[in-house]
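4 protein chains.
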Amino acid sequence: MKRIGVLTSGGDAPGMNAAIRAVVRKGIFEGLEVVGIKRGYAGLINGEFVDMNLGSVADIIQRGGTILRTARSEEFRTVEGRRRAYANMQEQGIEGLIVIGGDGSFRGAQIFSQEHGVKVIGIPGTIDNDIPCSDYSIGFDTSVNTVVDAINKIRDTATSHERTYVIEVMGRHAGYIALEAGLAGGAESILIPEIPFSIDEIIEKLHRGQKRGKLHSIIVVAEGAASGIEIGKQIKEKTGFDTKVTILGHLQRGGTPTAFDRVLASRMGALAVDLIKAGESGKMIARQHNDLVAVDFDCALSEKRTIDHSVYELAGILAI
Amino acid sequence: MKRIGVLTSGGDAPGMNAAIRAVVRKGIFEGLEVVGIKRGYAGLINGEFVDMNLGSVADIIQRGGTILRTARSEEFRTVEGRRRAYANMQEQGIEGLIVIGGDGSFRGAQIFSQEHGVKVIGIPGTIDNDIPCSDYSIGFDTSVNTVVDAINKIRDTATSHERTYVIEVMGRHAGYIALEAGLAGGAESILIPEIPFSIDEIIEKLHRGQKRGKLHSIIVVAEGAASGIEIGKQIKEKTGFDTKVTILGHLQRGGTPTAFDRVLASRMGALAVDLIKAGESGKMIARQHNDLVAVDFDCALSEKRTIDHSVYELAGILAI
Amino acid sequence: MKRIGVLTSGGDAPGMNAAIRAVVRKGIFEGLEVVGIKRGYAGLINGEFVDMNLGSVADIIQRGGTILRTARSEEFRTVEGRRRAYANMQEQGIEGLIVIGGDGSFRGAQIFSQEHGVKVIGIPGTIDNDIPCSDYSIGFDTSVNTVVDAINKIRDTATSHERTYVIEVMGRHAGYIALEAGLAGGAESILIPEIPFSIDEIIEKLHRGQKRGKLHSIIVVAEGAASGIEIGKQIKEKTGFDTKVTILGHLQRGGTPTAFDRVLASRMGALAVDLIKAGESGKMIARQHNDLVAVDFDCALSEKRTIDHSVYELAGILAI
Amino acid sequence: MKRIGVLTSGGDAPGMNAAIRAVVRKGIFEGLEVVGIKRGYAGLINGEFVDMNLGSVADIIQRGGTILRTARSEEFRTVEGRRRAYANMQEQGIEGLIVIGGDGSFRGAQIFSQEHGVKVIGIPGTIDNDIPCSDYSIGFDTSVNTVVDAINKIRDTATSHERTYVIEVMGRHAGYIALEAGLAGGAESILIPEIPFSIDEIIEKLHRGQKRGKLHSIIVVAEGAASGIEIGKQIKEKTGFDTKVTILGHLQRGGTPTAFDRVLASRMGALAVDLIKAGESGKMIARQHNDLVAVDFDCALSEKRTIDHSVYELAGILAI
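Chains as they are written, first to last, in UniProt numbering: chain A, 1 to 320; chain B, 1 to 320; chain C, 1 to 320; chain D, 1 to 320.
FYI, nobody ran anything at the bench for these hints, they're computed from the structure. One should not assume that every hint holds.
It does not matter which identical chain is used: a pair holds within one copy or between any two.
The calculated lysine-lysine pairs, modelled on DSS-like cross-linking and capped at a C-alpha distance of 25 Å, are [what the hints assert, rightly or not]:
| id | residue 1 | residue 2 |
| --- | --- | --- |
| 1 | K38 | K214 |
| 2 | K277 | K119 |
| 3 | K244 | K38 |
| 4 | K119 | K2 |
| 5 | K304 | K277 |
| 6 | K244 | K233 |
| 7 | K233 | K214 |
| 8 | K211 | K38 |
| 9 | K277 | K233 |
| 10 | K304 | K236 |
| 11 | K205 | K277 |
| 12 | K236 | K211 |
| 13 | K238 | K214 |
| 14 | K277 | K244 |
| 15 | K119 | K38 |
| 16 | K304 | K38 |
| 17 | K304 | K2 |
| 18 | K236 | K119 |
| 19 | K205 | K233 |
If you're wondering where the values come from, they're calculated on a predicted model, not measured in any experiment.
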């Protein structure tokens, strides 16, 4: 192995730049040449290659987003698209590929690897934290802190005003951000896709809180569980409480990465280089307990991670 | 003048606590007794009084919201409500009142003062910054920085992804937050209530930007100009561009106040005490140029402040 | 078990309030009465007790510091001091004690428990993260992020100016903060008490970096390894490089806790209540891998945690 | 005027990038070519020129530091150095120069302009805010907020611990940062070069505070008034109070600029282009009251700005 490529794919996540930096510098330290591929698999197909050196990744560890950009590629889902990608890799002399992204990206990587014998190692990067077999994905911790910061700010005004606040956060299929941020932010109710909810129970809780003299209520809603605007409308209609809605949207993807995400990304990037240099392939770096290990893509693609119900219950107990 | 009251009224704004602290400590320094009135005019009517001492306002300068809380009072709009408020003040021996709030609060203060001869001084506190005769209101600077922080975060992911982002910010009747934050955040388009806009022009601008290789577009929308969700929908329909919407909502009212707002609030609170001690009434503290002055309530209630069109144009020029 | 006490002891750490909140609310949820003890063991001796209810811990989850305050108590090191503490507990009807603090606090707790048969459960709270048997202590993640934020800011000006910067951080006996923040911040050199360093090697590295065109160098120094001012002076003398020193000091103890610390504190507080209710004693809650477990005080007091040398080496490789 | 140059000089300040962006984009909008000069006057002498286009300044408005870098140039203080600088400008066809920096930079600009007839416009950029004739310089607001954030964090731990904290901030000749941040942060004592202080008075104040039950004391020291470490040592010796020292150092120069600094920089940059295009020279943009005006370099170089003593006294009154 002399020359490897690195790309970011799918939704971007804070900390991806720290992972790119680690791949490049650890790669060079290990005597490899490292090529950056722009715009994910689309760039692999269209030949958007850029040689990376130590300076290419200077002063990026603190930046949100990804300097390599990312895109979703329909073409890479086709045999022909992957064929072109492989041809480009051969032309460039790229022998191994490190893919930073989510499960969709790894599914593509797996097929690509099986079809063309390309060596591929995956690094889990997604704010949703929904990749099985890894306790943490790059970007999750930053994203949760962004939501908690928003809850903090709303809490300031909430205490002054005695109102109900609904905050819609990301998570189409997974409620990790909502659950972690809701617990950390002290939210009264947390709605996530994994656990059915009843609007009547939420309202019952609001009434109980009001009777006990609670000054305000904060409800965190994962977009996959319900629409924040819809929940706000229903609460207002059924209780008459002044209810305000915030939709955080894509700002949850941005921001300078937290120390946790930078360290995770740095260590994952370095381990990915070790693995690919050792000739490994078809594996994803995972954080299991406090250690980094390599798991088969099959594990990462098997099923969704499941929510820890005890954490959900704890959030309810602590917000009484 | 021996005993004065202080209350916060209308929407809360970051820095109100710094103003309360200044009123209390400067008041005590000047030999006055200071009474805190909870929940604005509602508390004045319901008799929610609390004696303030130096320690009452310790460690609040950095807190968002208002420790005295705030509420809107329908009853204070009635002759009977104001009569009860006056009776309470007499019973408490409160001779002067310092009101921290927006124009609605000052309108109430003016009538109250005219009916009962109560001495009242106003301090402008509203994130909207729409109070005439004062260049700045307490809370505006903090709120603008909150919006700019959100734009920063979106910018990170925007650069990675090449999309259009719509951010709805506060401002039902005034576009100050949108304009200032849009200029500071480098937004491509800024929609405010004061200036008519055409969706076709915005779309034309998006197309022009795209042709020039612009990676992303950020559109800041004041809630009084349009609905962020509606604008997002229209752009998506008419251009096919992937368009994401953020609605910041009430988090714009929270957060620890900026240095600017704390200094403004501290100085305004101290000057209000000087004025009320000197027997002044019916006046609002205003920042004009860099000085603090006292203006008649009439000035503050006359009309709305007007947007500086040259700033609006500059924002357009710099975001080309 | 009907009535328990909770106190914070030793140096304060961000997230201690979240732990207090969890102990109080989980305690009440489990049918216990919870008493707050002010100023650590000193308050236990002096009888500074305050009954806690659901509202006592409202809106504290986001606050740095500890609402119960903390102090070091010489008197609690004496048999007589602990006798008085025990007498107070009996008078108050407090049957179990939850101690949030560091190893010094647990040593006291252990003796106290052995002498008087008091049930005690410990929760590790210290920014230094140096408590054996637990991967994380409350406050560490926040503190590391504070240091990383400082490095970010210095990096901005460093890039403009081409200088050498020295940042002294906390850690008298342990280099965890320096190591984690140095890796996350991309520091060129990291000096920690656990690993001997040579000023000549650091200078050699500076010269090598300069030759390679590196614009700036950031050196993170744990206070236990060397004095930041001294290191700065030596570099300046031996290289002539313009060298600037920052000493972060106690600001590393403050700030609103990160999501990670709040979740850790909430879960540890709740588990401590479960344990004490179940009649357990002499144990500390520990995070091992991703789980919370109970370990004997002996484990927590046995020896110091050891630095992961591979992380130290990685930091060096990535900052080349 | 067809082609202008822009450079940053002296100490860097957050917001300089926003000013560069405004000069470049407004310049291009006005039909001018804009050349960036690297490393201040040193780059002018050494011929470090880079043509700027709309994209050169994309996504820099939020960045601290200066993309053009800055340096101090001994050579530009010589007739020969300035002769070479002028020759380079002629060769490049640069007819006018916009200099972003402090008073030292403007002194150089003035001599350069007088010797060679070069058109020069200055923009005040320095965190110290010590440039006469302008109420604000770019970077000051950001820097003050950085210090206030540090005070906030120290306040958290201070309240828990009952100690005395000394924070040394920038300001060799001017106490603006210390004064503004001290007032905004609620510091008990503020030491600045402009006002003599007595260590005995400070200690007397600490004793008075302690008697009144004050939990902590925060003392902000401008580096030009005293050494933070020295003040800390003296307090400890004379009172026995546990006293902790923080030296913020160069992190005060970094960080993403505040909205205030970005708007100020954007407007100043645009106005500088208007002036130079109109053939003006030898002038600095100044903020006077809320307006931007052009003043002669003589005004900016005449003498130092003076501290507002009433603000200093107010800080003392509010921190009692």
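Quick rundown of the hints versus the structure:
{"no.": "1", "hint": "K38 <-> K214", "in the structure": "between (51 Å within a copy, 16 Å between copies)"}
{"no.": "2", "hint": "K277 <-> K119", "in the structure": "within (10 Å within a copy, 54 Å between copies)"}
{"no.": "3", "hint": "K244 <-> K38", "in the structure": "between (41 Å within a copy, 23 Å between copies)"}
{"no.": "4", "hint": "K119 <-> K2", "in the structure": "within (12 Å within a copy, 55 Å between copies)"}
{"no.": "5", "hint": "K304 <-> K277", "in the structure": "neither (30 Å within a copy, 35 Å between copies)"}
{"no.": "6", "hint": "K244 <-> K233", "in the structure": "both (9 Å within a copy, 21 Å between copies)"}
{"no.": "7", "hint": "K233 <-> K214", "in the structure": "within (21 Å within a copy, 38 Å between copies)"}
{"no.": "8", "hint": "K211 <-> K38", "in the structure": "between (57 Å within a copy, 20 Å between copies)"}
{"no.": "9", "hint": "K277 <-> K233", "in the structure": "neither (56 Å within a copy, 42 Å between copies)"}
{"no.": "10", "hint": "K304 <-> K236", "in the structure": "neither (34 Å within a copy, 31 Å between copies)"}
{"no.": "11", "hint": "K205 <-> K277", "in the structure": "neither (56 Å within a copy, 27 Å between copies)"}
{"no.": "12", "hint": "K236 <-> K211", "in the structure": "within (17 Å within a copy, 45 Å between copies)"}
{"no.": "13", "hint": "K238 <-> K214", "in the structure": "within (19 Å within a copy, 46 Å between copies)"}
{"no.": "14", "hint": "K277 <-> K244", "in the structure": "neither (53 Å within a copy, 40 Å between copies)"}
{"no.": "15", "hint": "K119 <-> K38", "in the structure": "within (19 Å within a copy, 43 Å between copies)"}
{"no.": "16", "hint": "K304 <-> K38", "in the structure": "neither (28 Å within a copy, 46 Å between copies)"}
{"no.": "17", "hint": "K304 <-> K2", "in the structure": "neither (35 Å within a copy, 42 Å between copies)"}
{"no.": "18", "hint": "K236 <-> K119", "in the structure": "neither (55 Å within a copy, 39 Å between copies)"}
{"no.": "19", "hint": "K205 <-> K233", "in the structure": "within (17 Å within a copy, 34 Å between copies)"}
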